[in-house]
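Engineer: Chains as they are written, first to last, in the working numbering: chain A, 36 to 530; chain B, 36 to 530.
Treat the hints as calculated values from the structure; they're not laboratory data. Check before you lean on any hint, since a few could be wrong.
The list treats identical chains as interchangeable, and a pair is accepted whether it falls inside one copy or across any two copies.
[To be verified] Here are the simulated lysine to any residue pairs, SDA-like style, with alpha carbons at most 20 Å apart:
id	residue 1	residue 2
1	Lys77	Val311
2	Lys139	Lys161
3	Lys466	Leu506
4	Lys84	Gln47
This is what each chain is made of:
There are 2 protein chains.
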Amino acid sequence: MGELQEAIDHIQLIEHCRQAAAVLFWEAKTGTGIGRKRQYAKVQGTLTKKVIELQTDPRFGRLLQNLLQRDLDEVHRKQFEFHLKNYQYLSSLPVEEFQQFSQKKAAAYSHWASAKRLKDFKLVEKDLADLIETQKRFAYLNNKHEAPYNQLLDRYEPGIHTEKIDCLFKNIKDTTIKLLDRIQKAPVQPDSSFFRRPFPLEKQEQLAHQLLTAIGYRMDAGKLAPTLHPFSSGIHPDDARLAVKYAENDVKSAALMTLHEGGHSLYNQNISKELVDTGLAVYTSMGLHESQAIFWEKMIGKHKGFWKQHFHFFQKLMPEVYSHISLDQFYFSLCEVKPSLIRYEADDITYPLHVIIRYEIEKDLFADKLKVSDLPEVWNVKYRNYLGIVPQNDCEGVLQDVHWYFGLFGYFPSYLIGFIYAAQLREAMIKDMPNFDVLAQEDLSAILKWKTKHIYQYGKLKTSKEILKDLSINEINEKPLLTYLTQKYEDIYRL
Amino acid sequence: MGELQEAIDHIQLIEHCRQAAAVLFWEAKTGTGIGRKRQYAKVQGTLTKKVIELQTDPRFGRLLQNLLQRDLDEVHRKQFEFHLKNYQYLSSLPVEEFQQFSQKKAAAYSHWASAKRLKDFKLVEKDLADLIETQKRFAYLNNKHEAPYNQLLDRYEPGIHTEKIDCLFKNIKDTTIKLLDRIQKAPVQPDSSFFRRPFPLEKQEQLAHQLLTAIGYRMDAGKLAPTLHPFSSGIHPDDARLAVKYAENDVKSAALMTLHEGGHSLYNQNISKELVDTGLAVYTSMGLHESQAIFWEKMIGKHKGFWKQHFHFFQKLMPEVYSHISLDQFYFSLCEVKPSLIRYEADDITYPLHVIIRYEIEKDLFADKLKVSDLPEVWNVKYRNYLGIVPQNDCEGVLQDVHWYFGLFGYFPSYLIGFIYAAQLREAMIKDMPNFDVLAQEDLSAILKWKTKHIYQYGKLKTSKEILKDLSINEINEKPLLTYLTQKYEDIYRL
Numbered sequence: 036m037g038e039l040q041e042a043i044d045h046i047q048l049i050e051h052c053r054q055a056a057a058v059l060f061w062e063a064k065t066g067t068g069i070g071r072k073r074q075y076a077k078v079q080g081t082l083t084k085k086v087i088e089l090q091t092d093p094r095f096g097r098l099l100q101n102l103l104q105r106d107l108d109e110v111h112r113k114q115f116e117f118h119l120k121n122y123q124y125l126s127s128l129p130v131e132e133f134q135q136f137s138q139k140k141a142a143a144y145s146h147w148a149s150a151k152r153l154k155d156f157k158l159v160e161k162d163l164a165d166l167i168e169t170q171k172r173f174a175y176l177n178n179k180h181e182a183p184y185n186q187l188l189d190r191y192e193p194g195i196h197t198e199k200i201d202c203l204f205k206n207i208k209d210t211t212i213k214l215l216d217r218i219q220k221a222p223v224q225p226d227s228s229f230f231r232r233p234f235p236l237e238k239q240e241q242l243a244h245q246l247l248t249a250i251g252y253r254m255d256a257g258k259l260a261p262t263l264h265p266f267s268s269g270i271h272p273d274d275a276r277l278a279v280k281y282a283e284n285d286v287k288s289a290a291l292m293t294l295h296e297g298g299h300s301l302y303n304q305n306i307s308k309e310l311v312d313t314g315l316a317v318y319t320s321m322g323l324h325e326s327q328a329i330f331w332e333k334m335i336g337k338h339k340g341f342w343k344q345h346f347h348f349f350q351k352l353m354p355e356v357y358s359h360i361s362l363d364q365f366y367f368s369l370c371e372v373k374p375s376l377i378r379y380e381a382d383d384i385t386y387p388l389h390v391i392i393r394y395e396i397e398k399d400l401f402a403d404k405l406k407v408s409d410l411p412e413v414w415n416v417k418y419r420n421y422l423g424i425v426p427q428n429d430c431e432g433v434l435q436d437v438h439w440y441f442g443l444f445g446y447f448p449s450y451l452i453g454f455i456y457a458a459q460l461r462e463a464m465i466k467d468m469p470n471f472d473v474l475a476q477e478d479l480s481a482i483l484k485w486k487t488k489h490i491y492q493y494g495k496l497k498t499s500k501e502i503l504k505d506l507s508i509n510e511i512n513e514k515p516l517l518t519y520l521t522q523k524y525e526d527i528y529r530l
Numbered sequence: 036m037g038e039l040q041e042a043i044d045h046i047q048l049i050e051h052c053r054q055a056a057a058v059l060f061w062e063a064k065t066g067t068g069i070g071r072k073r074q075y076a077k078v079q080g081t082l083t084k085k086v087i088e089l090q091t092d093p094r095f096g097r098l099l100q101n102l103l104q105r106d107l108d109e110v111h112r113k114q115f116e117f118h119l120k121n122y123q124y125l126s127s128l129p130v131e132e133f134q135q136f137s138q139k140k141a142a143a144y145s146h147w148a149s150a151k152r153l154k155d156f157k158l159v160e161k162d163l164a165d166l167i168e169t170q171k172r173f174a175y176l177n178n179k180h181e182a183p184y185n186q187l188l189d190r191y192e193p194g195i196h197t198e199k200i201d202c203l204f205k206n207i208k209d210t211t212i213k214l215l216d217r218i219q220k221a222p223v224q225p226d227s228s229f230f231r232r233p234f235p236l237e238k239q240e241q242l243a244h245q246l247l248t249a250i251g252y253r254m255d256a257g258k259l260a261p262t263l264h265p266f267s268s269g270i271h272p273d274d275a276r277l278a279v280k281y282a283e284n285d286v287k288s289a290a291l292m293t294l295h296e297g298g299h300s301l302y303n304q305n306i307s308k309e310l311v312d313t314g315l316a317v318y319t320s321m322g323l324h325e326s327q328a329i330f331w332e333k334m335i336g337k338h339k340g341f342w343k344q345h346f347h348f349f350q351k352l353m354p355e356v357y358s359h360i361s362l363d364q365f366y367f368s369l370c371e372v373k374p375s376l377i378r379y380e381a382d383d384i385t386y387p388l389h390v391i392i393r394y395e396i397e398k399d400l401f402a403d404k405l406k407v408s409d410l411p412e413v414w415n416v417k418y419r420n421y422l423g424i425v426p427q428n429d430c431e432g433v434l435q436d437v438h439w440y441f442g443l444f445g446y447f448p449s450y451l452i453g454f455i456y457a458a459q460l461r462e463a464m465i466k467d468m469p470n471f472d473v474l475a476q477e478d479l480s481a482i483l484k485w486k487t488k489h490i491y492q493y494g495k496l497k498t499s500k501e502i503l504k505d506l507s508i509n510e511i512n513e514k515p516l517l518t519y520l521t522q523k524y525e526d527i528y529r530l
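One chain only, chain A, in its complex shape (with noise of 0.2 Å):
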């Protein structure tokens, strides 16, 4: 056997893995059964580590550094470029510390949901301060010549370093902090209290169902399920499913959570079939994968064109509420701006705000500014200062998220980066199609259409840099959100 099929066929063997891995996340995360759901965390994590070793097979490192010495064509390139880049990160890594490293991220996971039942962060606190020095150290190992934390924000969205992300969201605080002082001192503010009228839990999944159906999610192509921390996972392009946590008060955080995991799914499910089994057949980065899930949430889901055609989905599932609504009060209470202590819930005002905050602290931590022991206080301080709002305990605070307890860091900012590039290409997009708020009312396949084009179909085949550079967008800029914010809501708000 040549060396490329033998290439060829490991890649395989590890992408047939991560599928059957993610399978069984699927497994672990949603359905009932304790008992099963706990096994399945089991095997995963055994598939999880069995592709690992497939990784850092140091014959495939070999193999692949041969390979690329020779001529080839783009998705041989690009699948073995890839993959020796995780190689050459994975084998930097001392083997036992890396294997240590998954159970102090278990670990921490498990304490943190014990902290957060308690509302008390000392109780993770130790681990956390592990986990962060565990991260800087293999940053260390990786590249003495960077910064961790921009070694760690590389990995979510590459290139986009602290001094960028600095100036970029500087401008966006600043800018919202103000819009929203404008907009709390607005004389009309919506009555949104239906929105927590009981709204039948069958009936929210219905909801769900018609919401995806009607952005173009192909439900023979996916899953839905309900879960208790919404996700979506690109196992293959005939398999896109999501997740998603239905609430009986909270109608509104259930459809806009839906359109969020359906704009992932919507990315996964439409990535080309050419490229599953190579590795490349997923988002080519979490600022634009984030990018995806924000458009189909924040600029298709809060259209006021979209809810013309849509809006009778609740009413039908729920005439003894949404019949004596109008659709401008539903339209107003689904945009209202309010801030709140939960980041996935906020509004799109106050959203970048909620970021920002966990950027600083991010990064005064990995730039030793801030200790661990100091989270909490400072959390509440920057939530006051920006939002005008404090978390009365840890739950509702530094313990929200589960990110840092499970060893992510620099991952947050990809969700202020994808909004900032959902705006950008938008613009992009509304160059072609002018008609564009026609086309949210009446005809969202086109917009699909679109997407799938000049952003879906590659996978990793592009990188995100190159995405926006065929569109015309030389750089990440943040101008054309707050454009778009402070339009829509000097307008929703007359201001």
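Since the structure of chain A is provided, determine the placement of chain B on it from the hints.
Structural biologist: Okay, now just chain B, sitting in the frame of chain A:
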């Protein structure tokens, strides 16, 4: 790490890959989306290959041999013995030929599907001949001193070979053919046309849920899905899944099949969880597994007391049909005896004959007394002689079951061995619980408890022979089955 731990870890790895493969098999066989199903069949293939690689690792073989020299507790001894047996069998086969065999099976399976569609045995004749030759050769390589067909039988019901089976099946054939004749001449025959009235598929699925819950299947430790070829899958005691086929004009088949696969699943669900990840948390033999499917399908699902309690399921789901039917009519039609061409839809009296035909043919094929090309003719002659009916084409005849075309020989007899065991175990249960008939109506949980205590919990920790012995059943014996069938059907048909 000590050898003991090393072996346990290796076995756990095998088991996790097996469980993952089983989940992927489920994904490949149920649900929608042809692309997804095809991909998961590939991933399952990869995982299964991995399982075999792990099972035949020479280091693992040596480890097991060393460990079995030691004093071990029962669970360790049994699991090492089980894996060593697997190891020895698989290692006796030439690696390359064994891999080719997998490909041959896949090819034969696909040719079988076309042949069945086109009703032409010729299209798969060569594949079948090749699979038979390969199985003969593998058996020879594994053990020169035992007839190949006996070796194959051994895989499904250890220790029960042709000599024994000839004797058991001959008596069953004689008795059932005579009984069938008397039944066909009985003056009163049921009118079962109501079973063929349209019964919407969603309602059949609800019925399946209700029946499964009635027999004690825990819905939170399994899954039920529609499929084309019914099966059950014991991935883990907390995840015993089953897939059932529904046809609008055949609710009777769906109900009985649900109870059949449900019986398998009750076994799978009630294996001791202490055996998880040892390789022993599965049914002990195919014959015993089948006996439990048959018990719940035929000895509970065709028990009048059971339907006294549960006939209202039909009446509530389809009052327009079943409110006009009396329990007596329903029960008589459910137990109707009528020769038909398809094995898995057969009644209790002709079912053994379907199995015996397949057994006689297999035996002759492996003894070189029958040419593959003569199969359709021989099949049809036997159907005429034993059942008095003749298939109109190969699809209804020799092509109906997939087993042979997937290389499975020696498997069919376990269906009838299972029926024999079911009757023997029923007698043992009645000795312990003489109020069996009352329990079948009023307290199935007592029956499930007995089954779990004496059979299910042990998984592969006891052989079927040991399980029978501990219930004072010294040997397999067809008489309880014949007594059971004769009494029951003389009563039903008032002979």
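Engineer: Quick one: Lys77 to Val311, C-alpha cut-off 20 Å, is that within a copy, between copies, both, or neither?
Structural biologist: So Lys77 and Val311 pass the 20 Å test across copies only (12 Å; inside, 26 Å).
Engineer: For the identical chains here, do Lys84 and Gln47 meet the 20 Å Cα criterion within one copy, between copies, both, or neither?
Structural biologist: both (16 Å within a copy, 13 Å between copies)
Engineer: At most 20 Å between alpha carbons: which applies to Lys139 and Lys161, within, between, both or neither?
Structural biologist: within (11 Å within a copy, 57 Å between copies)
Engineer: At most 20 Å between C-alpha atoms: does Lys466 with Leu506 qualify within a copy, between copies, both, or neither?
Structural biologist: For Lys466 and Leu506, only the intra-copy Cα distance (10 Å) is at most 20 Å; the inter-copy one is 80 Å.
Violated hints: none; the structure is consistent with every hint.
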